[in-house]
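When you get a sec, could you build the whole thing from the sequences and use the hints?
Here is what each chain is made of, one letter per residue.
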Amino acid sequence: MFKGRDIISIRDFSRKEIDYLLRVAKKVEETPEDRLKVLQGKIMGSLFFEPSTRTRLSFEVAMKKLGGEVVGFSEPALTSIKKGETLADTIRVVENYVDVIVLRHPLEGSARMAADYASIPIINAGSGAEEHPTQAFLDLYTIYKEKGRIDGLNIGILGDLRYGRTVHSLTYALSLYNDITLYLISPEQLKMRREVLENIRDKLKFKEMLNVEKALPELDVLYVTRIQKERFPDLSEYERVKGTYRITLSTLKKAKKDLILMHPLPRVDEVDVEVDKTSHAVYFKQVKYGLITRMALLGLVLGVF
Amino acid sequence: MFKGRDIISIRDFSRKEIDYLLRVAKKVEETPEDRLKVLQGKIMGSLFFEPSTRTRLSFEVAMKKLGGEVVGFSEPALTSIKKGETLADTIRVVENYVDVIVLRHPLEGSARMAADYASIPIINAGSGAEEHPTQAFLDLYTIYKEKGRIDGLNIGILGDLRYGRTVHSLTYALSLYNDITLYLISPEQLKMRREVLENIRDKLKFKEMLNVEKALPELDVLYVTRIQKERFPDLSEYERVKGTYRITLSTLKKAKKDLILMHPLPRVDEVDVEVDKTSHAVYFKQVKYGLITRMALLGLVLGVF
Amino acid sequence: MFKGRDIISIRDFSRKEIDYLLRVAKKVEETPEDRLKVLQGKIMGSLFFEPSTRTRLSFEVAMKKLGGEVVGFSEPALTSIKKGETLADTIRVVENYVDVIVLRHPLEGSARMAADYASIPIINAGSGAEEHPTQAFLDLYTIYKEKGRIDGLNIGILGDLRYGRTVHSLTYALSLYNDITLYLISPEQLKMRREVLENIRDKLKFKEMLNVEKALPELDVLYVTRIQKERFPDLSEYERVKGTYRITLSTLKKAKKDLILMHPLPRVDEVDVEVDKTSHAVYFKQVKYGLITRMALLGLVLGVF
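Top line first, the protein sequences correspond to chains A, B and C.
Here the first sequence stands for residues 179 to 483, numbered as in this note's numbering.
Here the second sequence stands for residues 179 to 483, numbered as in this note's numbering.
Here the third sequence stands for residues 179 to 483, numbered as in this note's numbering.
Check each hint, because a few of them may be wrong.
Pairs involving identical chains hold if they fit within one copy or between any two copies, as the list cannot separate such chains.
List time: in silico BS3-like cross-link candidates among lysine-lysine, alpha-carbon distance up to 25 Å [what the hints assert, rightly or not]:
{"#": "1", "residue 1": "Lys325", "residue 2": "Lys383"}
{"#": "2", "residue 1": "Lys220", "residue 2": "Lys466"}
{"#": "3", "residue 1": "Lys323", "residue 2": "Lys432"}
{"#": "4", "residue 1": "Lys220", "residue 2": "Lys463"}
Rather than coming from a laboratory, the hints here were simulated on the basis of the structure.
This is the structure we're talking about:
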């Protein structure tokens, strides 16, 4: 189902396929010692045309925990791109060295294009503002593990819904599940894009709102993202709204006892550190789940799971 | 024959030695599974004082495919050179950590100097404009594999023959073989250096020419290199000649059916992408052959082949 | 004694603990082949928020020689710090990936703070101008191996005693041993800090002096450090003194035959290269001892030694 497959966009996957991935991840998590050498002799190319330490380390550790090896680079300055080589040529060179390529690239469409040229699997680790499919997989795995299910939940997504690729991938993924209500909470300027809403309109219920208070008592999951100052043409407007999108102990008073609070990280101050100690906070667990999801994915595309 | 030896210049090797290397490479290529752990416990130092992603990845993968490990750096900004340390001291530090050093350095003579100080083998991965011996080995291996022999071939080298270190190393290497005719095709400003011609004059036939058309029907191998704009004091002169040194489907119409087209990569536009699909194009295969040649070399200098 | 422990400051260790570490290091050095796989399946996070090639390679090789794996970064430009993440959050992310973290950070107190947040061992690979505990361990191991003991020696420390973290850590460490006389040799502006002297006053004898000549015949060990031009407000003052702190063959004429000359490296010109060939010079051996000490330390904190 996954062997030899490119992982470019969450939209390439059916619910059945995603559920299968989640089950494999669960097995990997439960029996890590069985996995130590399954990818021995395999090499992953880790091609980061823009820096992303967290994602890069997650993939590299995933590969190594399965017994595989890693080569690559962590920022564009280190590549021969400077000499004018096309991405297509770079891919056709590197595919001679490795068994799978993990690609992070600033341009939309880059991962799809790489996959067109490569004869080995390409895993998209973020391409432009567009897609970050493995983040969506790990977000789903986090919900599945922490809530026991994905169907039927009330899920809030808060922050920058307009520019956040994480948020778009997650929204598409959730639209594959049943009976979900999505609470889309953002400032006016950062509302979810029309085309995403059109796409999910028939698949799940959603409500757009400007602040989190009213929705909070209903939520099973609250997914927080950062709001970047630079998105606001008028800085005073930013200063006016930013407090509203900051989660503190006081914000959480009205939350369900078993609400889980997620965040793709890095955070700046949109979740107060005091919240870290509450049972709501699962964002550091999310990191661990990310590692497991990527182990599952690497094992699957390389045909050992 | 190779154990413990430094690999600094192609000119340090006899035909007998090179042929031995090519035979070992062929064995490595034919039985990769036998090689998986021969360098287990060995560590390669990958010291790139200027970035060269392709060469670095090739060596690192070669080491890992033999079961060895790699440490190092990929550009000078990351080194303590900034603190004023000499290359000699850096080498004497790193030789305490590793079993073999792969060195890329912008200065001519640097690799030879490093070898003088080190008690472990140094492999030159490019020093200044001077030498790039492993590129020459892989070029020979490509010809040997694709044509079945090196002796007796008509070989064209096209592009910048004046500044290209790849081209100088290859020319010296070919002068060790019998009955080769070399077609040296370049603009007037970028003709092969006098001292190289003096050196090979008694060893092989060569013809210098300004364009490829006339020679093409004779060639068994055409080795294309990039012509850099910066080499021309007068840009209009560059604009005038550049088309002449670009290989397209139309250029190849007069070629032998089994002509092979080589390129050290990266290419910019000196070989049209349409050519990639023809059976002439072996430049991406060259990448694979480079990996194999470097596996053979690492195994040889570390004494396991 | 060391399992699961953070290695933050040399001052956290008793003489008994340090001696134990030195004995383990000796065993590692004598039976390297026994150690090849003890850390198989373990991963070290190598987080260098400022570049330090020597220290980074030393730790990475140490880990690999024990069969472990490494992930990380080698300079801050490559991290998500740029996105405003706190060190605490970075540590809480990375501890999900790895078994031990080696941290180099420009700020004093950073390693201690990281240890407060992490549930896995943190090894300080240099924090600010403050501490570099593994350098002190390797310096002690060098003395122990080369002189057979540490107690009872006359030890000179020459150069920048005011700003050198290496020198501070070593001084504290030596104060745990018996019957040592310390000769603190530096220009007036770079004398050892008052607070360090207060701390060691009751534990060992020390003499402060402006030049090395008078002390030299007494010394068993001379530890040389670099004097940086930038430390002198008045450059002419620097030019006047610098010759005094340079060790040459001629300086060493009055030395004991078995004096050992140490240096944390990199050196610029404070030890003349002619000295390298004498039996006094042990600074490149120090590099090897550093590797062994770090192997011992990694094995100890990860509980396999």
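For this session: Hint by hint, work out which the structure violates, then give me just those numbers in ascending order.
Result: none
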